[in-house]
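Just need the whole structure built from these sequences, with the hints factored in.
From first to last, the protein sequence lines are chains A and B.
Per numbering that gives the first Met the number 0, the very first residue in the first sequence carries number 0; after that it's consecutive.
Per numbering that gives the first Met the number 0, the very first residue in the second sequence carries number 0; after that it's consecutive.
One or more of the hints may lead you astray.
Chain B is nowhere near these chain A residues, computed Cβ spacing over 10 angstroms in every case [unchecked claim]:
| hint | residue |
| --- | --- |
| 1 | Phe115 |
| 2 | Arg152 |
| 3 | Val221 |
| 4 | Thr309 |
Pairwise CB distance ranges (calculated) [claimed, not checked]:
| hint | chain 1 | residue 1 | chain 2 | residue 2 | range |
| --- | --- | --- | --- | --- | --- |
| 5 | A | Gly26 | B | Gly403 | 52 to 62 angstroms |
| 6 | B | Tyr411 | A | Gln320 | 38 to 48 angstroms |
| 7 | B | Thr232 | A | Arg19 | 12 to 22 angstroms |
| 8 | A | Thr257 | B | Asn114 | 49 to 59 angstroms |
| 9 | B | Lys427 | A | Cys75 | 27 to 37 angstroms |
| 10 | A | Gly65 | B | Asn114 | 40 to 50 angstroms |
| 11 | B | Thr232 | A | Gly94 | 29 to 39 angstroms |
| 12 | A | Gln320 | B | Lys427 | 31 to 41 angstroms |
| 13 | A | Ser163 | B | Lys283 | 12 to 22 angstroms |
| 14 | B | Val337 | A | Thr216 | 43 to 53 angstroms |
| 15 | B | Arg242 | A | Leu164 | 38 to 48 angstroms |
| 16 | A | Gly94 | B | Val337 | 30 to 40 angstroms |
Residues from chain A that face chain B, not an exhaustive set, calculated with beta carbons under 10 angstroms [as the list claims (entries may be wrong)]:
| hint | residue |
| --- | --- |
| 17 | Asp20 |
| 18 | Trp23 |
| 19 | Pro25 |
| 20 | Gln103 |
| 21 | Ile121 |
| 22 | Gly193 |
| 23 | Pro347 |
| 24 | Asp367 |
Since the hints were made in silico from the structure, they are not lab data.
All C-beta atoms, glycine included, are put in the ideal place defined by N, C-alpha and C.
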Amino acid sequence: MKNKYTIILLAALVVLTSCRDENWYPGASLTAIGDVSETYRGLLLLNEGNMGSNKCTIDCYDYTSGTYNRNIYGDCNPDVVLALGDGGNDIGVYGGKIYVVVNQSNLVEVMDAFTFRHITQISIPNGRNLAFCGGRVYVSSYAGAAYGDTEYRKGFVAEIDTASLLVVKTCEVGYQPEEMAVYGSKLYVANSGGYCAPDYDSTVSVIDLTTFEVEKTIDVDVNLHRMEADYERGLIFVSSRGDYYGIPSSVYVIDVQTDNVIMHIADLPCADMALAGDSLYVYSTEFSYETYQTVVSYAIYDIGRREIVTRNFITDSTESQIIYPYGITVNKHSGDVYIADAKDFMTPGTLFCYSREGKLKWSVMTGDVPGHFAFIKK
Amino acid sequence: MGRFTKILCIIVTSVWQAVPMSGEILTDSLSRDLDEVEVAASRIDKVTIPAQELGGAQLRRLSAYSVADALRYFSGIQIKDYGGIGGLKTVNVRSMGSEHVGVFYDGIQLGNAQNGTIDLGRYSLENMESVTMYNGQKSSIFQPAKAYASASTIYLQSRRPVFDVEYGDDFSETVKPYNVNVGLKYGSFNTWNPSVLWEQRLGEHLSSSVSAEYVTTSGEYDFRLKRAGGYDTTMTRTNGDVRAWRVEAGLYGNTMKDIWSAKVYFYNSERGYPGAVVREIPGKFANKDRQWDTDLFAQGSWQRSVTDWYSLQAQLKYAYDYLHYKSDPQLDVSTMAVDNIYRQQEAYASAVQLFAIKPWWSASLSTDFQMNFLDGNISDFSKPVRYTSLVAASTAFEWNRLKGQASALFTYVDDKADKGCVEGTKNKVTPTVVISWRPFESTDWNLRAFYKTVFRVPTLNDIYYTIVGAKPLNPEYTTQYDIGTTWALSRDGGLLRRIEIQADAYYNQVDDKIVAMPASNQFRWTMMNIGHVRIFGVDAALQSNWRVGKIGHGLRLNYTYQSAQDRTDSSSQWYGGQIPYIPKHSGSVIYSGEWRKWSWNYSFIYTGERYISVANIPENYEQPWYTHDLSLSRLIDMRDCGMRVSLEVNNLFNQQYEVIRCYPMPGTNFKIRLEVLL
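Encoded structure:
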């Protein structure tokens with residue numbers, strides 16, 4: 000009787016033990032699309048992944064072969080423990096290297112732009128965004144020194160030397176700094192103050208890159224977020240998220256000669272923007288407390304004419320397929336516009352590619368919460 | 000026995016029924032220990048509504064620390080376990096969501112108006128008599144209205160004092176005046192768990208009980224992370240430490256007509272939050288988040304048979320819960336400063352009237368009233384007050400071999416808040432119908448079916464915390480259809496002494512499911528009634544007792560099949576995907592045995608492959624996991640007392656697994672337990 004039990008239990012054990020595959024790993028997947036480019040080798044898309052899920056991934060559109068490679072990091076870097084990490088926030092390509100700010104992993108990942116192989120990781124707590132200039136990488140971070148009142152704690156910008164890949168200098172800026180823009184020897188930093196809500200920050204810190212110290216603070220509007228530099232005209236576009244109550248989201252323009260705000264584009268709500276020639280592509284996701292709906296718009300602001308030329312640059316009515324736009328970029332050579340759709344933030348997103356005329360060319364499944372782009376030049 | 004008592008025996012299967020009404024509170028303890036499993040099993044009516052119970056010696060023999068650990072062995076249940084003694088453990092019954100599970104402690108519901116879920120990892124099994132789970136509702140009509148108000152219910156019954164009787168040579172009876180039980184557990188992760196239980200007989204109809212326990216653990220354990228053809232590393236989980244106190248004191252009384260109890264419960268804890276295991280630069284920014292909790296409640300119940308056709312039950316409760324969560328950038332520079340304090344208060348009263356109209360027919364009316372207050376130190380906090388009134392009218396009949404119950408629950412909820420959106424009043428009536436039939440008098444074989452619709456009111460967090468000014472939320476509905484069968488056989492001799500089989504197939508719907516949606520950006524979320532889930536499942540359980548020579552064996556098997564599909568958006572690519580963390584197949588085996596003063600237990604749990612998102616793709620795939628646990632214990636008789644020594648080995652084959660993605664579970668771990676019974 001006892002033997003019978005033992006046999007049954009052992010049999011059950013063998014059956015069930017075979018159910019677990021210790022060699023299992025979710026690898027990259029490929030989709031053929033066929034859209035090729037002469038100027039660019041690739042378009043990188045950083046998928047943030049939900050906080051605490053360690054699902055930050057990189058997808059790469061290969062312009063040479065016209066294929067979309069989903070989740071490339073793990074396959075290229077089997078030895079990096081827990082792969083790319085948790086909560087990606089920005090990606091950039093500079094000097095043959097890819098830099099990725101992995102916010103919740105508290106690091107900046109540095110990879111080779113050709114092989115996608117891991118080179119090193121740089122410790123940056125609560126890192127946010129990237130800017131590049133003169134052999135230096137600038138990373139904004141929420142995590143300034145925690146002295147005194149920790150609730151009102153300033154952020155900083157770290158300067159990384161691209162040769163040594165080490166942080167060489169840091170500079171304290173405003174509260175919870177987000178995007179940055181370089182113009183000449185000046186670095187403009189948009190401070191949000193998101194942790195201090197409702198006492199948002201409303202300033203842009205201007206760092207002199209020769210001394211790496213804040214030389215000026217420009218007062219703009221609450222909860223600053225995105226930044227784009229127009230090098231032709233010497234303008235910096237900075238967006239305010241508003242306060243979600245009385246103050247709506249809008250865009251401000253700073254003149255780099257005087258470092259003054261020269262214009263407020265009040266009727267241009269902005270979640271993210273991308274600049275190509277005279278056109279500033281801006282999409283917005285404003286939540287209305289009246290209809291309880293997120294109102295989405297896809298506008299183009301013509302910098303030369305100083306006016307909004309369209310409120311919907313998508314001309315084939317396919318905007319209804321985009322559930323929640325979360326990132327935008329423009330291929331400056333072809334004029335193609337790329338929009339990342341984060342959908343419900345819980346499932347894979349979609350990358351939409353639109354022609355210059357606003358017609359949908361193709362779309363493809365991405366990782367979770369796609370939001371940040373970078374082109375790799377040939 | 001009067002007519003009332005008889006009918007009560009037929010219809011009322013409340014846990015209280017275990018204690019006879021006529022003062023026969025004393026039982027012979029020699030057989031008590033051995034028969035506890037059978038006694039516990041027979042007193043619940045498993046025939047009418049699907050019910051599963053673990054109690055008495057079987058519960059004690061399981062290598063389980065908390066109620067959540069024991070519930071893993073039930074069919075149809077999924078536990079979300081974030082790992083370790085301190086990790087959050089919530090329970091989801093038949094995939095309808097943890098907010099739809101009502102947890103009752105000694106007959107009165109444990110509340111959490113703030114987030115609607117109970118962390119069952121905090122409820123120790125130390126003084127627990129039984130843990131019972133009912134699908135739908137308990138098959139009784141002599142119960143508070145709240146017992147009807149959840150899609151599934153779990154009853155935690157703490158030990159009610161029972162005293163040994165010694166018979167003298169002249170047939171005189173001497174009742175033991177007290178029971179004292181002192182225990183000490185020591186285990187892996189530097190866990191210490193001393194406890195004491197003192198039960199005192201204060202008179203023929205009155206007794207008291209005090210139970211206290213302390214637990215402390217470092218919560219530190221190693222786990223291995225590896226990838227085929229890639230990294231292979233061992234990391235240590237840190238900041239998972241817990242220290243917690245629990246003190247309970249109760250008074251228990253009964254007369255010919257009344258039975259009553261009163262209890263005070265106090266729990267105080269401090270714990271670290273280990274956080275998700277994600278990529279990091281080792282040793283750089285370790286999680287230092289901490290949480291402090293104080294839970295206090297006082298509750299009383301009183302039941303009286305007024306006449307032979309009318310009986311009454313009243314319950315009162317007051318609860319205070321304090322929660323303090325701190326994330327300190329001075330300890331971990333990468334974190335956002337959080338220093339939140341929440342205080343919840345709950346006042347509850349219930350009255351139930353039972354009318355025995357005919358010997359075969361009875362009806363009841365239950366009226367509950369509850370107030371919840373939530374106060375917090377976060378800015379712009381609404382400080383909501385919620386008033387809930389519940390009225391349940393129900394009836395039960397037993398006609399030949401056909402049994403039936405029907406009930407209607409009326410719910411009225413009203414919120415008042417300082418600031419922000421005031422949630423509207425809800426007036427809703429929801430029904431339940433239960434029927435069972437025993438085709439043959441001679442065979443204990445039954446067929447059963449139930450239908451139940453009930454909703455959960457949005458939690459205070461859903462409405463007042465996520466975003467101020469969100470859309471008024473509707474209740475989240477569940478509808479359940481269940482058909483099943485049970486068969487049982489008991490014999491006095493032979494190898495197989497008792498066997499019980501139950502199997503149920505069910506179809507559930509969750510409608511207007513409350514889902515968080517991003518609003519203006521990822522920092523601002525709003526709650527909306529947009530989700531829909533369709534669940535088809537099968538639960539099967541077998542329990543058997545065997546005797547081979549002088550060795551007693553018990554074998555319990557459970558199997559669950561669940562297809563739980565997301566039906567939120569038919570245009571979505573993931574429409575119809577299996578919902579997160581619900582395995583298609585899961586099951587458990589418990590084998591226990593006893594011989595003389597030895598007893599042992601082997602348990603096995605299997606959870607099949609799952610996905611962590613409705614997008615059922617490789618990135619979201621989770622491997623099956625299965626663990627084997629062993630325990631061995633021996634009673635040692637001393638001159639003046641008894642002693643029990645137990646040894647437990649959990650996760651025998653050191654499987655590295657995760658119940659929740661990024662929260663690795665401990666590998667092989669040990670526990671030794673010493674109990675002195677005075």
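Original post:
Among the hints numbered above, which are violated by the structure, and what are their numbers in rising order?
Top reply: 2, 9 and 14
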